[in-house]
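Protein chains in written order, with the working numbering: chain A, 1 to 100; chain B, 101 to 261; chain C, 262 to 625.
It is possible that some hints are incorrect.
Below are the DSSO-like pairs computed for lysine-lysine, each with C-alpha atoms no more than 27 Å apart in a straight line [stated by the list, open to error]:
(1) 120/B with 161/B
(2) 75/A with 30/A
(3) 617/C with 45/A
(4) 472/C with 5/A
(5) 382/C with 97/A
(6) 289/C with 104/B
(7) 369/C with 30/A
(8) 289/C with 382/C
(9) 45/A with 439/C
(10) 382/C with 447/C
Quick caveat, the hints were computed from the structure, so don't treat them as lab data.
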Amino acid sequence: MRIEKHPILTFETKEELSFIFDGKPLIGYKGDTIQSALHACGIKKLSESIEHHRPRGFYCAIGNCASCDMTVNGKPNVRTCITMLEEGMIVESQKGKGIL
Amino acid sequence: MLDKTGIASAEQVLTRFPKKDLLAKAKAIIECYQDIPCNPCQTSCPFNAIYIGDDINQQPKLLVEKCTGCGICVTSCPGLAIMLAKTEREKAVFKIPYEFLPAPKVGENWHAINRSGEIIGEALIEMVQSIPRQDKTLLVTVSTKIEHLYDFITIRSQAHE
Amino acid sequence: MIEKDLIIIGGGPAGLCAAKTAMEANAKVLIIERSQKLGGQLVKQTHKFFGSEKTYAKTRGFDIAKRLIDDVTNYSNLLEIMTDATVVALYPNHELTVYQYGVYSKYKAKAIIVATGASEKFLAFENNDLPGIYGAGAVQTLMNLYGVLPGQSIVMVGSGNIGLIVSYQLMQAGVNVKALVEAAPKIGGYLVHASKLRRLGVPILTSTTIKKAIGNETLEQVEIVSLNEKWELISGTEKLIDVDALCISVGLSPLHQLLSMAKVEMKFVNELGGMVPVITEEHETSTKNLFVCGDVVGIEEASSAMVEGYLVGLTAAKRLGFLHPNYDQIKQNYHDQLTNLRSGPFGLKTRIGLAKLQGEDYAR
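One chain only, chain A, in its complex shape (with noise of 0.2 Å):
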C-alpha cells in the first residue's frame, strides 16, 4: 500500500530493509518508522490489549498515545510509530505487559 506517484510529493526509492515480525520475514525501507513499514504490509493490528485481548493498532503516529506499542529486538514498549526501522529488527506483538 504504498504511494508510487504524488501530485505535489515525490518518493524516492531507498534502500530496503529486512526485518522480522512474530516469526514472519517482511521488507521495509530506510526511512520507515517499524509502524510505517508494518501497515505498507498491510498489517494494521500490531498487538492485544491487555485484559480483554482486543486488538489494537496505532492511532496518533507520532508518540502520544502508546497506542502502538511492541517489543522490538526483545525490549517491550517500544513506541513503533516513532522508531525508525533497521536492518533485521525483530518486531513481536505484545502479550501482556512487558518486562523491562
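On the provided structure of chain A, position chains B and C as indicated by the hints.
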C-alpha cells in the same frame, strides 16, 4: 446553505461573475464567500485588480477593468477558490487549478463537473500549464458548451469507468 | 547540570520563530525537539497556507518549515539544536531533564520558552479501539511523510480545517473518502475547503456522527447516525458504510503537561482547547522568565503560532538583557499582525478564550 453543504448557491455564484458582455476577455471569478484571514490573491496580482485591504479578513473584490485574465491568482489562492472564465461564441472557456493525478493532457475529453460534484457534460482540455511559480498546482484551460458557464467548476477524469 | 541562557522546548513553527527573534537580539538559544527533525506539524502539510505574506501565505506547509529552519540555522554561532531529545521534566526553578539516546541530562536556563504544541482529541463510540481508526495527524504522517496509504477507503469525522484539509489530501493520495461527518449542524472550517471536497464528490453530512465501528481484527465498517437539534441520536437513521479506515479529526488539545508539572498557574478554557497556562500580555506564565507560545497557549493556526513565537523571542531576549535593535517597532508590528489574524469571525473563539483566561466576563 453554503455553511451546511459547502456548495455555493446559483445566486451566490452569480454575484462573483461580471456581466456577460465583459467576459469576452477572461476574468477572475473569486469564490471566496467567507471572512477568513488570507490575502495572497491580492498580493499576487500584478495588476492590482484584487482588493482586500489592511484587514485581511475581508473578502476579496475583483476590479474587473484591471483584470487581464493572466491567471496568477488562480494558482496563488490556497483555497483553490479562483478560476478564470471567458465566453467564446458557443463555448465557455475556463482556467482552473488542478492538483490530482492523472494530470489532464491537451486534447483529452474529461467530465465537466459542477459545484455539487455532479457530471454536467464534457470538458475539452485545451492547455495545461505547470511553471515553478505555480508550485505543482496545474493551471488547466478547458472549454465546455456555453450553457455550463455558471455551473462548471472543475474536471474529472473519464478514465476510471 | 548544564546551564544555558535561553532554552526553547519545541522546534515547531512557534519555537523556531521565537529562536529567530531572540538570536536577532544576540541571545544564545538551545532548541530541544523530541522528533528527529525540526518543523513540527508543518512538515506533513502539503497544502498552501492561508494568512498573509508575512506568515508565508500561498507557500506549502513543508516549504514553510524549510524556510523557518533556514532562518534559524543562519545563526550558527548562537544556536544549539538537540533533536530526538524529549524534555521529560520541567521544574519550578527553571531546571529541566532531557532524555536523549538513552541518557538523562539536567539543564538549567535563565529563561525558558515552552512551545510544545498540541495533541489530537479522541471520540467516544463503540469499538473506537479497532485498528484502522486513526487521528488526522496520523493519516497525514503516514501519507505525506512515509508514502504509505492509510487504507483504500475512509470516513472522516470532523469538519474543522484539519478534517477538511486531510480529506482533500487523502483524495490526492488516491484514498476514496466516502463521507465526511460532522456532529454540528454547520461546517466548522473554511468553506473554501468544504467546496473543494464537494467538487470531488465527497458528501459532507452535518448533524451526523459515528455510532459504532465494526470489524473483526481490523475496521471493516462504520455505522453513522443523524443527530437532532439537541445533539441526540435519532433512532432509525443509522447507516452502514464499508471502509477500512476511519479518521478522527475532532480538535486539538494543548500539550500542557510540562507546564502543569512546573506548577505554573493553569486554567481549563474550552475555547482554547483544554488546559492552558494563565499568561500576561507578554505570554509570561505565573513563573518569572517562563514563557509560552503557539498551540500550547490555545489552539489556533500556524500563522498565529509564528507571530506569537516572534513576539515571545523578543521578550525573552530582552529579559536576559539582549535588546533587539528594532524592538519597539517590530513588537508593535507583530502585535498588530496577531490582532488582525484574530479579528475575523474565525478568531472569535480565540478572543473569547483569551478573555476568559484573563478572567473577564465576555458578553457576545
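These are the hints, each one checked on the structure:
1. 120/B with 161/B: The given pair, whose Cα atoms are some 18 Å apart, holds under the 27 Å limit.
2. 75/A with 30/A: It holds: about 21 Å lies between the C-alpha atoms, which stays within 27 Å.
3. 617/C with 45/A: 43 Å, violated
4. 472/C with 5/A: Answer violated: residue 472/C to residue 5/A is near 35 Å, above 27 Å.
5. 382/C with 97/A: Measuring from Cα to Cα gives roughly 25 Å; hence the hint holds.
6. 289/C with 104/B: 50 Å, violated
7. 369/C with 30/A: Violated. Residue 369/C to residue 30/A sits at ~36 Å, over the 27 Å cutoff.
8. 289/C with 382/C: 35 Å, violated
9. 45/A with 439/C: Measuring from Cα to Cα gives roughly 23 Å; hence the hint holds.
10. 382/C with 447/C: 20 Å, holds
In this structure, the earlier hints numbered 3, 4, 6, 7, 8 are contradicted, and the remaining ones agree with it.
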